[in-house]
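Protein chains in written order, with this note's numbering: chain H, 10 to 376; chain E, -10 to 658.
Calculated directly from the structure, the hints in this document are not laboratory data.
Possibly wrong hints are sitting among the right ones.
These stretches of chain H come out as covered by chain E in the derived footprint (C-beta under 8 angstroms, 3 or more residues) [claimed, not checked]:
{"id": "1", "segment": "75 to 81"}
{"id": "2", "segment": "205 to 218"}
{"id": "3", "segment": "240 to 249"}
{"id": "4", "segment": "263 to 269"}
{"id": "5", "segment": "299 to 309"}
{"id": "6", "segment": "318 to 332"}
From the three backbone atoms N, C-alpha and C, an ideal C-beta is built for every residue, glycine too.
What follows is each chain in one-letter form.
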Amino acid sequence: MNVRAVMLLLAAAFTLGACGEREPVRIGFLGGLTGRAADLGESGRNGVQIAVDEINAAGGIHGRPVELIVRDDGQDATTAIAAANELIAGRVQGIVGPMTSAMADVVVPMADREGFVLVSPSVTARKFFAIDDHLFLVMSSTREEALLSAEYHYRESGVRHVVVFHDTTNRSYTESFLAEFSGAFQQLGGAVTPLAFASAPDMDIGKLVRAALAKRPDAVLLIANSVDAARFAQKIREVNLAVVLFAAQWATTDRLVELGGKAVEGMFLHNYFGRDSTSPDLTRLRTAYIQRFRREPGFAGVAAYDATRALLGALARRNGNETLRQALLTKGPFPGAEAPFSFDRFGDSSRVPRITVVRDGQFVTVR
Amino acid sequence: MRIFSLFDRSTAAGPWRLRTSLVVLMLLVTVVTFSVIGVTVLAYRLPGILAEERQVMRVQASTLADHFELSLAAIEGRLGAIAAVSGSLPAETLGRLLDAALGEGGLQAVYLLNERGVVDHVAVPDALAAARDNLVGADLSRNPLFLSARQLVRREWSDRYLSPLTGAAAVGLSIPAGGQVILAELSPEFAAAIIGVGVVNNANPLLVVDRGGEHVAGRNLAESDVLRNWTGDLGGSAERVGGDLLRLSFSGAEHDTAVARSPRLGWTFLAASPAGLANPRVRVTVGLVLAGFIGSIVLSLLLAPLWAARMSAPLQSLMARTRSLASGDFSGAFARGPIHEFNELAGDMESMAKAVEQRQSDLEHSEERLMQSLQRVQQLNLELEERVERRTAALARANQELSEAMATLQLTQTELTRAEMLASLGNLVGGVAHELNTPIGNGVMAITTLHDQIKDFRREMEEGLRRSTLNEFVDRLEDGTEIAVRNLQRANDLIASFKQVAVDQTSVQRRRFRLAALVHEILVTLNPTIRRTPFRVDVEVPEELVLDSYPGPLGQVLTNLLTNAIGHGLEGRSQGTIRIAARMLDEAQVLLEVVDDGAGIPPELRERIFDPFVTSKLGRGGTGLGLHIVWNTVTVVLGGSIAVDSDPGQGTGFRIVLPLTAPQQGAAG
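My request is simple: use the sequences and hints to build the entire structure.
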């Protein structure tokens, strides 16, 4: 009919944008992109971005492009909930994140309630392991890390008394690590003195450091983010060059070196992959990351990459009526940068933790 | 035009109401008109709008770049000046200068790093004064800005990096100052302020992105746009639109984006405007056109039915009047309305109504007359039926009688035929007997006389026999026996002839015979009858004529004809001649004529003369069958034909044509 033909003409004249593209597959990223631990979030986001771009370059998932929606949790509970809601409203299939256990406390119950999947690159608090929930973990828990640390420093470094600074703003993680470490170290025969602090730009680090050193420890363990760890290291080294410094994985980012300078030389850190690993995928990832973002991926970047590959792999491999969660549990192993990995029935995985030390501004694996 | 085919299709499916057609027509006209106009307007205007927008964006992007460069250059200048004289200033003064520089605004921290990268002095806002202690003496030797300042020995604006002060993302500037390095962090509010400068009150996204593709500052951006990394989009994979513009996605919507670069800062400045329908100006224009379109449709939907109703009202009243007319109501006038054609139609309808009325009354009259005629006809019909019945009955009776008469006649015919046969047979027997009578009588007489003479002789013998008596006796004996022989011979001949005739007449033996011989035999048979008359029979039949036929029937034919001639033709006359002649007509047929010069046959009889029961002597001994039998025999048995030629007073001639070879047949008549 004439009318309809004309209407079609009108419609055609109006559509300037492209249409008819295939509906994209949306995934979300939730992490701290502003605030003090932004380096973790940023590395995470970048790792996810690289994985998404890789998959899109290979044709997407069954021909559909992958779209990444990024949300900031600002390391704040309210913001995290709002961000998670926004991601759900954006109809994402699954979320990579959160990056910290503090945020996991808030978001995981939501995920279980609403039924969306979280694949976290860097949540390692013990309490999230061995639970049948919607949280998938790519790293081993704090227990493995703490055990290794305790043993290494007890035996190799000859440390007997450790003062532990732990950040109460990420309680879930720091207290988990503290508990595991204390348990292991004390079992070995060492002594642990925990010192809590609340991370803030204007906190009095000097005072905290003096309090710690007054206890005459052999070592100071920093369960803190990279910025705080760097500052603490600097303050400690100003007055004491002998005490052994080591930190939990949370601090193991490039920023630590940037901000810590010489103070962090010789500091022991944790990592889940060897920087000197020869896996070709890892090398490729590092090269791409450095080229694009002009810095090293760090454990967060690699873990986020692995988490994204798992999430997208499960999306690609699942059957028609399988949920993503079922696919993640059953359709492994998924390609990781260093090695393929899969999830156990609780959605946990395990990796071998390593001890690294800072030498000339580089992370070098020692165990 | 396809509009009209719409109506064609509608009539194919079923007729539309006038009102509906009018409404649809008006709607279509409105729609088509507005569509054409709308599309034209949009096609003309929209590209113009988009081109304007794009130009505005290009200007915005480059303006943004310029603003940033200028503002940052200002800060750079400020600090650069300090750096230039840093070598000759005492540390405290330097520190105060840096504090002052911070106070000028735009910076959130200024660090003074010594050769080893340790913070000698840091200027921070008063709000964060407590952090000062944390920072002074901090080792920033691994800080990328410090490193680049040392390596490149020039001022460098960083990409986004983590502030040692806040731990949050910030943008930094490093300025070599002799052996030292001044590090300044830009405050985010300042960046936002720069962007806000000179930007007209609009909602288009503006974005500044560093070399790593990270957000430095922006305006009207969604959170995800702030948080995400832009290297992919700017790295060449984005669509190019309108030459130098990119198609990027802001807040999930496609935007046309102008891109400007600052080589000094290494940053990219983006000014975007929604593409296509998302663009507010485009939307407004399209919205206006659509509103106009819909408005005109609504208007026409409202007005069209009214107008259609108005137009079709006179038609409705016309139709109503016509309907009442059709049901016989001739009263009432046809209303006039505003439409000329309908008025004409009304006038014509009125004339038609009058004519119809007239016709109607005429019809009624004719109907009455017709009714009457019909009744009359019915009446007549009844009478006719009665008459017919009577006639039929009469006819039936007559038929019955006729049938009976016919049967009787047939019986009579049979009887007559038999009678005729018997009669002819009787005649024949009579004739035979008569003929035989004479010779046999003579013979008897002669023998009787002789018997008596013998007796006399015996007596005389007793007296004494004399030669003269013996001679006399012998002479009388000789005479007497001679008479007897002669007569007996004659009787014998007659019987032979009669036998022949009888054989011939009673059998249907077919044989070859001479016609002349047959004729002769018949004449012999009839001689007694002929002898008593004064008539003469001439025979002119060639001896050599031979037929292969049925002599019996042929003889009968001749007999009849001769009998007729004697009995009818020459009756009462004192003299007459019957001529029997025969000759070859052609090589297969022979003509036989029996002609008398008698009274002739009257014309009225002549035609029917061969029909049965035709005679002039009905009641006086004529059966009327003779000639019929003749005709039958000639045509059926002998296979020939017979004709009569006669006039009153001129005599009668029968001409018979016979085939020399008669046809084969089973029975004779």
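Hints and how they fare:
For the segment 75 to 81 of chain H, the stated coverage by chain E holds: 5 residues have a C-beta nearer than 8 angstroms to a C-beta of that chain, and at least 3 were required. Coverage of the segment 205 to 218 of chain H by chain E holds. Counting CB-CB distances below 8 angstroms, 6 residues qualify, and the rule asks for three or more. Counting residues of the segment 240 to 249 of chain H whose C-beta sits closer than 8 angstroms to any C-beta of chain E gives 5, which meets the bar of three, so the coverage hint holds. For the segment 263 to 269 of chain H, the stated coverage by chain E holds: 5 residues have a C-beta nearer than 8 angstroms to a C-beta of that chain, and at least 3 were required.
Counting residues of the segment 299 to 309 of chain H whose CB falls under 8 angstroms from any CB of chain E gives 3; the rule of at least 3 is met. Under the rule that three or more residues need a Cβ within less than 8 angstroms of chain E, the assignment of the segment 318 to 332 of chain H is violated, with 0 such residues.
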